[in-house]
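A.B. asks: Model the full structure from these sequences, guided by the hints.
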Amino acid sequence: MAQAPALPSGFELPLEPRLPKIGSVDQVAVEERAASLARRSIKRESKIFALDLAVRMMDLTTLEGADTPGKIAALCSKAMRPDPSDLTVPPVAAVCVYPNLVAGALQRLGDSGVKVASVATAFPSGQSPLEIKVEEAALVAELGAHEIDMVIDRGAFLSGNYAKVYDEVRRVKEVCGNAHLKVILETGELGTYDNVRRASLLAIAGGADFIKTSTGKIQPAATLPVTLVMLEAIRDVYEETGRRVGMKPAGGIRHAKQAVQYLVVLHETLGPEWLTPDLFRFGASSLLNDVLLQIRKEKTGRYQSPDYFTLD
Amino acid sequence: MRLPVKKTYKLYIGGSFPRSESGRSYEVEGANAALASKKDLRDAVRAAREAFPKWAAMTAYNRGQVLYRMAEIMEGRRSQFAELVGGEAEVEEAIDSWVWYAGWADKLGQVLGSSNPVAGPYFNFSIPEPTGVVGVVAPEEPPLAGLVARLAPAIVGGNAVVLIASERRPLAAVTLAEVLATSDVPGGVVNVLTGRKSDLCPVLAAHMDVNAVDLSGADGDRAELERLAADNVKRVVRNGEGQSPWHVAAFLELKTVWHPIGV
Amino acid sequence: MTELERKQDRSPVPSAFEYAPAPESRDVVRLEDRYGLFIGGEFVEPRSGEFQPSISPATEEPLAEVAYAGPEDVALAVGAARDAFENGWSEIAPSERAKYLFRIARLLQERSREFAVLESLDGGKPIRESRDVDLPLSAAHFFYYAGWADKLEYAFPSRKPRPVGVAGQIIPWNFPLLMLSWKIAPALAAGNTVVLKPAETTPLTALLFCDVLRQAELPPGVVNIVTGDGRAGAEIVKHPDVDKVAFTGSTDVGKEIQRAVAGTEKKLTLELGGKAANIIFDDAALDQAVEGIINGIYFNQGHVCCAGSRLLVQESIYEQTIAKLKRRMTTLRVGDPLDKNTDVGAINSKQQLDKIRELVAAGEEEGAEIYQPPCRLPEKGWWFPPTVFTNVAQSYRIAQEEIFGPVLSVLTFRTPDEAVEKANNTPYGLSAGVWTEKGSRILWMAQHLRAGVIWANTYNRFDPASPFGGYKESGFGREGGLHGLEPYLRFE
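Chains as they are written, first to last, in my numbering: chain R, 1 to 312; chain B, 1 to 263; chain C, 1 to 492.
Derived by calculation from the structure, the hints in this document are not laboratory data.
If you're wondering where the values come from, they're calculated on a predicted model, not measured in any experiment.
Check before you lean on any hint, since a few could be wrong.
[As the list claims (entries may be wrong)] DMTMM-like cross-link-like pairs, simulated, lysine to aspartate or glutamate; straight-line CA separation at most 20 Å:
(1) K326/C with E240/R
(2) K355/C with E492/C
(3) K255/C with E18/C
(4) K99/C with E72/B
(5) K21/R with D343/C
(6) K38/B with E224/B
(7) K99/C with E226/B
(8) K326/C with E45/R
(9) K39/B with E50/B
(10) K99/C with E93/B
(11) K438/C with D463/C
(12) K6/B with E27/B
(13) K99/C with E141/B
(14) K43/R with D343/C
(15) K21/R with D282/C
(16) K54/B with E31/R
(17) K43/R with E18/C
(18) K299/R with E18/C
(19) K299/R with E45/R
(20) K350/C with D241/C
(21) K438/C with E174/R
(22) K267/C with E61/C
(23) K380/C with D343/C
(24) K21/R with E239/R
(25) K21/R with E437/C
(26) K340/C with E32/R
(27) K197/B with E141/B
(28) K197/B with E27/B
(29) K38/B with D209/B
(30) K99/C with E88/B
(31) K54/B with D184/B
(32) K21/R with D283/C
(33) K340/C with E45/R
(34) K326/C with E273/R
(35) K266/C with D241/C
(36) K297/R with E45/R
(37) K197/B with E226/B
(38) K21/R with E319/C
(39) K257/R with E18/C
C.D. replies: Listed below in structure tokens is the structure:
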């Protein structure tokens, strides 16, 4: 069993790590609850509120082998001004890129307020020696990334080596400096909701500022039930210790309607104070245009065409 | 005088209507029907195997509704079928067969299953489950009602089927496939092959990925077919005439589960 | 960002995520001003001459006027049912009977929005429930029993099942259309004809159902719908030409009915009240168990005979469970039943509201601690907020009597034995819930709980294939499943 974690700066907590018990999650009930929340009917002003919030919560993402400085520049422009014809549409929360593109992104974004998140730790597989992964994270922090998205070692997790998973999160957190750490669980590989809960609590114990569902590189990525399970784990930690950990569903969220459903799940599980980009992000790429489409539809009353929104 | 557009009769595999990969056909009932090859049969078994898990996982209620929809759509095509088989009575019999078996879908567990009072602190229950991919050789006559009487019990419990139609009167089977394609029956759950039974039956009986066969429509050396079936211990189904839940049971496995009772 | 962009007006961001109203349209329903009785295949004027309005509990507005049958009317209806039975219905081929029932199932599916809206209007339950639960289940009951109509010999091998004749059926106001389906489907499948009396506060979906019967071309007299109050019900029960009585409603009325048929040859089934224990063990999947508690008592405003109205929580997880429960209650939305986001609708009648208030007052008086999440209740209509009582003793009225409202009483236990003891310590025995991740314990609890329906790690699940009914004063006889046919048949 690992040592108590070194507390990151800014924490005021009792010294022993207090964790809610791992417990179990009933699959049928959790999927039902998620489906029931997805049936909420969000219209008019509440829909506009949700869509605006969804933009402000977006981590606009490109994680491709073929990414170039040119591609990143275009992405950053889109991130700062998603809809040039409607300047009331806010900028997104962050862009999410590979380490090699961090410098270019930082330069392009300037003081716009849009953050740069970078993946690290042998994303997406995590199947590299620990030292390499920690060094990559340290490098990315040094480059000036505001946020670091790491992956947990699923091989270690699924073979029962939870201490290793925990240690890795802790080690990466140590080198993050001021950057906030998101820990990707890759829920699509974990097999059960029980495991999602266990991995969530493990990552939080290791020091995660955010827990994130997926790398977006495999199916299934984010789902409403998985999100609900993770939010419930976050809620238990909050009730037990007062600490607020953020959550980021990533991958597979393509339509504005889905984004609104996620916000309903967040709203009814944790409450309105959690409806902020400081505590919730969407990891997405094509979602943004669909949200813009829906915003314009709400404002004009007409169904829109994708032709009128830029592909960056 | 208007020239009618003649219909092409193809195979029905995986939800689509392909011609035989052999490119062959045979003239029958005033039209050309596809002459299925063993490769077509191989494709059909593959399609059935792929479709099986989803069909088996549907709720029994859903399966019942799908079979009832078969009856609804067939009823709408009465005259087309009546023309093919030479009379309405056979069509009505086939439609009512679908309705009868549709009603069994969500009752099989209650009649075929049980909770078993074992002598110990255990809860013990037995439930019927579909066996998997079933091969059905339809009788030569009657070409529609005889086929439905063999097909419905095979699929209502959740199996996927590869069906070999009447050789001398296959057109009703192909028209039935059109009903299958438009009745919410997922593609691959039923696959319909037309052609020479002497070519197709042995391949079906010997296929190692088929779990059960109903050979009631097979002519020729029945014993040889049954010997071939033994190579992967296929269930050789010999349902009699008429309709019965036991005709369905013949295509089902029985699973018994134990669990201790204690605090 | 340019100066211009910085100056652009940004829409104010509200601090809370308020859901805008999302009403389902009433337009889909067309109501008559006044309804007669449906006897012999058509609507007829009541001989009693009496009409009463059916009121929407959410707005207190009258929706339509409905006939109140008197003794002559009941006699006519029974006569029509007897006629239809003797002259046709018992003779036609069972497979044809099946087809009528399949038609009815399909029609309910096709017209489900219309029925769902009317159900919510007339009874007060949220549209989300009538749309997602009541209607699909009602259609499913007809579909399921349609399949039995021509297969009775397999359900009762070597017993030569035959219909009993005319069934008199009296249903409650909490699931009007669903209860109608639970009664009519098996009765007709078995070859009987029916006289059914809907509850006096919720007659409208039963009357609309008569239009489905018209579309299904059901022979006249096979189903007769006779609206009215308790007097009409009593007439049906005592009519000598009724062969079988089926009643769902309060235990008190059930006992009266049992007295009324004593000494006669009439077959009887009763589905009465309950005070179910919902039992949570310390190893339960807790967040889901809390959902189960919520579903158990606040679903349908707690107007459910099998509601989990007593929470028995293992003492070691008491604090945590109650905290989660109270927090969850704050996200329940009480309001307009026709709003798609409403979770808890209106209380069905002023009378029921008074009863709930009385018992809640008794609870406070006896010393229990009450919690109700803050909610804004509409001005008009009959409403009660979701309520939970802690510090409840087994002997308090709120732990013994059926409240039939959104009121939960919480008690604790230490061991499985104690849980069973407390759960069974009631004259009722309709249902129970068990929450634990341990399989053997589920089965052990199921073995020891004296209740007709036991839900493990779930609650309030219904299916036409699953038999439902109670032990002890919760009634006798089962509805649903193969067993649901038995009360409607005579055997050699």
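A.B. asks: Give a verdict on every hint.
C.D. replies: We went through each hint and held it up to the structure:
1. K326/C with E240/R: 16 Å, holds
2. K355/C with E492/C: 46 Å, violated
3. K255/C with E18/C: It is violated: about 48 Å lies between the C-alpha atoms, which goes past 20 Å.
4. K99/C with E72/B: Status holds; Cα separation ~11 Å.
5. K21/R with D343/C: 30 Å, violated
6. K38/B with E224/B: 18 Å, holds
7. K99/C with E226/B: Violated, because 39 Å separates the two Cα atoms, which is more than 20 Å.
8. K326/C with E45/R: Violated - the C-alpha atoms of E45/R and K326/C are around 28 Å apart, more than 20 Å.
9. K39/B with E50/B: 17 Å, holds
10. K99/C with E93/B: 14 Å, holds
11. K438/C with D463/C: 25 Å, violated
12. K6/B with E27/B: Holds, at roughly 14 Å.
13. K99/C with E141/B: 27 Å, violated
14. K43/R with D343/C: It holds: about 17 Å lies between the C-alpha atoms, which stays within 20 Å.
15. K21/R with D282/C: Answer holds: K21/R to D282/C is near 11 Å, not above 20 Å.
16. K54/B with E31/R: 19 Å, holds
17. K43/R with E18/C: Between K43/R and E18/C the Cα gap is close to 10 Å, so the pair holds against 20 Å.
18. K299/R with E18/C: 19 Å, holds
19. K299/R with E45/R: Holds, at roughly 10 Å.
20. K350/C with D241/C: Status violated; Cα separation ~35 Å.
21. K438/C with E174/R: 40 Å, violated
22. K267/C with E61/C: Between K267/C and E61/C the Cα gap is close to 39 Å, so the pair fails against 20 Å, i.e. violated.
23. K380/C with D343/C: 18 Å, holds
24. K21/R with E239/R: 12 Å, holds
25. K21/R with E437/C: Given pair K21/R, E437/C holds - Cα atoms ~14 Å apart, limit 20 Å.
26. K340/C with E32/R: 17 Å, holds
27. K197/B with E141/B: Judged against 20 Å, a Cα distance of about 14 Å means the pair holds.
28. K197/B with E27/B: With Cα atoms ~15 Å apart, K197/B and E27/B stay inside 20 Å; holds.
29. K38/B with D209/B: 14 Å, holds
30. K99/C with E88/B: 18 Å, holds
31. K54/B with D184/B: At roughly 13 Å apart (the allowed maximum being 20 Å), D184/B and K54/B satisfy the hint.
32. K21/R with D283/C: 10 Å, holds
33. K340/C with E45/R: 16 Å, holds
34. K326/C with E273/R: This hinted pair holds, its Cα atoms lying about 18 Å apart.
35. K266/C with D241/C: 9 Å, holds
36. K297/R with E45/R: Measuring from Cα to Cα gives roughly 13 Å; hence the hint holds.
37. K197/B with E226/B: 15 Å, holds
38. K21/R with E319/C: Measuring from Cα to Cα gives roughly 15 Å; hence the hint holds.
39. K257/R with E18/C: 17 Å, holds
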